[in-house]
Amino acid sequence: MKLAIYIAFKNLLGAGLRTWINVLVLSFSFVAIIWIKGIMLGWDHQAKSQLIEWEIGHGQYWHTNYDPNDSFTWDDSHASPSDTLLNAIKEGRYAAILVAQGVIYPEGRMVPVCLKGINTTQQVLKIPTSFLSQEENSKSSAIPVMMGAYMANSCQLKEGDQFLVRWRDKDGVFDAREMELVKVFATPVPTVDAGQIWLDCSTLQNMMGLNNEITLLSLPSNESNELLFSNEFQFKSKEFLLSDIEKMVQMKSKGQSVFYLVLLVLAMLAIFDTQVLSVFKRRREIGTYIALGYTRSEVVRLFTIEGGVYALLASALALLYGYPFLLWQYRNGFKMPVDVAEFGIAGSNHIYPLFSLALILGTFLLIAFTTLLVSYLPARKIAALNPAETLKGRLS
Amino acid sequence: MPETIIQVDNLIKKFPVGKGFFTALDTISLRIESGEFAGLIGPSGSGKTTLLNILGSLDSPSSGEALVLNKSIGKLGAKEAADLRKEAIGFIFQTYNLLPVHTVYENVEFPLLLLKRTKKERNLQVEEALEWVGLQSKRDSRPSELSGGESQRVAIARAMVKRPKLVLADEPTANLDAKNSFHVLDTMKELNERLGVTFLFATHDDKVIQYLRRIIELNDGQIARDYTPEKRQQS
Numbered sequence: 155m156k157l158a159i160y161i162a163f164k165n166l167l168g169a170g171l172r173t174w175i176n177v178l179v180l181s182f183s184f185v186a187i188i189w190i191k192g193i194m195l196g197w198d199h200q201a202k203s204q205l206i207e208w209e210i211g212h213g214q215y216w217h218t219n220y221d222p223n224d225s226f227t228w229d230d231s232h233a234s235p236s237d238t239l240l241n242a243i244k245e246g247r248y249a250a251i252l253v254a255q256g257v258i259y260p261e262g263r264m265v266p267v268c269l270k271g272i273n274t275t276q277q278v279l280k281i282p283t284s285f286l287s288q289e290e291n292s293k294s295s296a297i298p299v300m301m302g303a304y305m306a307n308s309c310q311l312k313e314g315d316q317f318l319v320r321w322r323d324k325d326g327v328f329d330a331r332e333m334e335l336v337k338v339f340a341t342p343v344p345t346v347d348a349g350q351i352w353l354d355c356s357t358l359q360n361m362m363g364l365n366n367e368i369t370l371l372s373l374p375s376n377e378s379n380e381l382l383f384s385n386e387f388q389f390k391s392k393e394f395l396l397s398d399i400e401k402m403v404q405m406k407s408k409g410q411s412v413f414y415l416v417l418l419v420l421a422m423l424a425i426f427d428t429q430v431l432s433v434f435k436r437r438r439e440i441g442t443y444i445a446l447g448y449t450r451s452e453v454v455r456l457f458t459i460e461g462g463v464y465a466l467l468a469s470a471l472a473l474l475y476g477y478p479f480l481l482w483q484y485r486n487g488f489k490m491p492v493d494v495a496e497f498g499i500a501g502s503n504h505i506y507p508l509f510s511l512a513l514i515l516g517t518f519l520l521i522a523f524t525t526l527l528v529s530y531l532p533a534r535k536i537a538a539l540n541p542a543e544t545l546k547g548r549l550s
Numbered sequence: 031m032p033e034t035i036i037q038v039d040n041l042i043k044k045f046p047v048g049k050g051f052f053t054a055l056d057t058i059s060l061r062i063e064s065g066e067f068a069g070l071i072g073p074s075g076s077g078k079t080t081l082l083n084i085l086g087s088l089d090s091p092s093s094g095e096a097l098v099l100n101k102s103i104g105k106l107g108a109k110e111a112a113d114l115r116k117e118a119i120g121f122i123f124q125t126y127n128l129l130p131v132h133t134v135y136e137n138v139e140f141p142l143l144l145l146k147r148t149k150k151e152r153n154l155q156v157e158e159a160l161e162w163v164g165l166q167s168k169r170d171s172r173p174s175e176l177s178g179g180e181s182q183r184v185a186i187a188r189a190m191v192k193r194p195k196l197v198l199a200d201e202p203t204a205n206l207d208a209k210n211s212f213h214v215l216d217t218m219k220e221l222n223e224r225l226g227v228t229f230l231f232a233t234h235d236d237k238v239i240q241y242l243r244r245i246i247e248l249n250d251g252q253i254a255r256d257y258t259p260e261k262r263q264q265s
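Those protein sequence lines, which keep their order, are chains G and D.
Residue numbers for the first sequence, in the working numbering: 155 to 550.
Residue numbers for the second sequence, in the working numbering: 31 to 265.
No lab work stands behind these hints, which were simulated from the structure alone.
Here a beta-carbon is modelled for each residue, glycine too, at the ideal position from N, C-alpha and C.
Be aware that a few hints might be false.
[What the hints assert, rightly or not] In silico BS3-like cross-links for lysine-lysine, where the CA-CA straight-line distance does not exceed 25 Å: (1) K156/G - K116/D; (2) K156/G - K105/D; (3) K164/G - K219/D; (4) K149/D - K164/G; (5) K324/G - K312/G; (6) K105/D - K164/G.
[As the list claims (entries may be wrong)] Every beta carbon over 12 Å from chain D, so not counted as near; a handful from chain G, in silico: (7) E261; (8) E334; (9) F339; (10) K406; (11) E439; (12) Y448; (13) E452.
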């Protein structure tokens, strides 16, 4: 084996440019696969952590009737938490949200919206709720509200603009008031931005006639405290709340896998082509090996090892330029060529890839295995040649 | 009493051609003793190379017996045949068949690597073999940098470096000019005499034939004549 490795190295290094072109292509695939997978891992990680920071906290309690995807359930999805919890909400230890339907009329246009009242003291979510406090906005009689940049842009609204809102209270009575956009915030999470208007929870409770009632509650830590809630609220774990995004990232990841599969196939084609070409170009050499005392299986082994050496050299080359590149990417991130919000999932437009040891080792093993395979297949063909004919440079 | 290196009895070799067979060797019997400098001669298609390939365990007989160093070629497994070639048989080819990415030194060293000789042993034996063929100064050259004569001398050194009992040379001078042919033949003859290695050629080159001490003439796969050059002159 040692001798075969030595000869394989010697043969490849002796082949000069042909070897290095193959090694370069293979190393490119190696780095590209790790990079693409790293982007997906980073995206997954970022999307989840941003969703935790901006929307779900470390788990939520939902009113039993509440279905975020069915607005008809919202009218009946509210209840009063216990007094203990109300105090905790006032202290900002939980983010309490009341959800209601409404319609706004910016510049005469009608836009259906989801009104979300949130306690301004909350410290669980990154939503800048302090802008909503009445003290800050006492000069105007309009209701101070916030919206995300995407929503503001789609409604053609800017900070300071006022617009009419119409809603139905708990008894189904329509009412309307002026709202003032006091803050437009940038968020990487589309589900706290698109179609949403954020206002002080107590203001919305007054508007709806739902004193102290809330729809859901985000928790600061991953705990379900049954004592805090009545039967009207149901605990939703962080894992449950993240499952949708996990599925979406997995779906995107599968799409990306096709891309790196193509890369891998291209690299393997280069190796396969070289090894198949060897059957024709190196047939005399193969005959010579056999004449000097190699068995056919040893020739197969030699050519398969040559494939393995390709993988080793490609890994070494990939390390040479891939390590600084991936490190640079890890530190500086990657600007997505399209707006991530268009994908409908959380994630900033600047993704910081994550590279795990498992990813790097897995990619190396994948490349090594496929390289060995595409080297072995033509080598089997070589082994079937008649040595007496190959010695003369002929194919039998 | 000289040792029998090759013993062939009623050897037949047939190749499939279409639905039938072509008989390349037809009931060949011969014996070659240790230290001989013999040649198979005859026109193209007479079976010289086929016989040489069988004796070199690169091919097997269809029927009959071919014993090389008391080993029946037809009964050898792939590993045993490879071991026989590795340990006891040296090959010299018309097209030299040097390994292109290896230097002269490495080409000559190759058979010793297969025999797992130590580095010290290899160095001694390679230097000696290069001295036999007068190519010490070319030890670091690659085959592409050598002339035809030099390449064939490297091939001789490679065949001889492991001190084989038998060297099979298939048209060794076919690609060489007269001067290089004689140089190569002188080298082989000297090694035969000095080391007692048995040489068996397949050739139709007159320059080679005039060096042979025994000539086996093949025609249509059969031995037409088996004689020493003196007898040929007499006849």
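Hint check results:
A threshold of 25 Å between alpha carbons decides the hint, and for K156/G with K116/D the separation of about 18 Å falls inside it, so the pair holds. Proposed proximity of K156/G and K105/D is contradicted: the alpha carbons are some 30 Å apart, above 25 Å. Between K164/G and K219/D the alpha-carbon distance is near 34 Å, which puts this suggested pair outside the 25 Å criterion. Of the supplied pair hints, the one linking K149/D and K164/G holds, its CA atoms being roughly 17 Å apart against a limit of 25 Å.
Only pairs whose Cα atoms come within 25 Å are accepted, and K324/G paired with K312/G is rejected, the gap being roughly 30 Å. Restraint check for K105/D and K164/G: not satisfied, since their Cα atoms lie roughly 35 Å apart, outside the 25 Å limit. No Cβ of chain D approaches the Cβ of E261/G within 12 Å, the least distance being about 77 Å, so the stated non-interface status holds. The Cβ of E334/G sits about 80 Å from the closest Cβ of chain D, beyond the 12 Å cut-off, so the non-interface label holds.
With 12 Å as the threshold on Cβ separation, the claim that F339/G sits away from chain D holds: the shortest Cβ distance comes to roughly 65 Å. The claim that K406/G is not at the interface with chain D holds, since no C-beta of that chain comes within 12 Å of its own (minimum 46 Å). The claim that E439/G lies off the interface is violated: its Cβ sits roughly 6 Å from the closest Cβ of chain D, which falls inside the 12 Å cut-off. With a least CB separation of 6 Å from chain D, Y448/G falls inside the 12 Å interface cut-off, contrary to its annotation.
At roughly 7 Å from the closest C-beta of chain D, the C-beta of E452/G falls inside 12 Å, breaking its exclusion from the interface.
In summary, the numbered hints that this structure violates are 2, 3, 5, 6, 11, 12 and 13.
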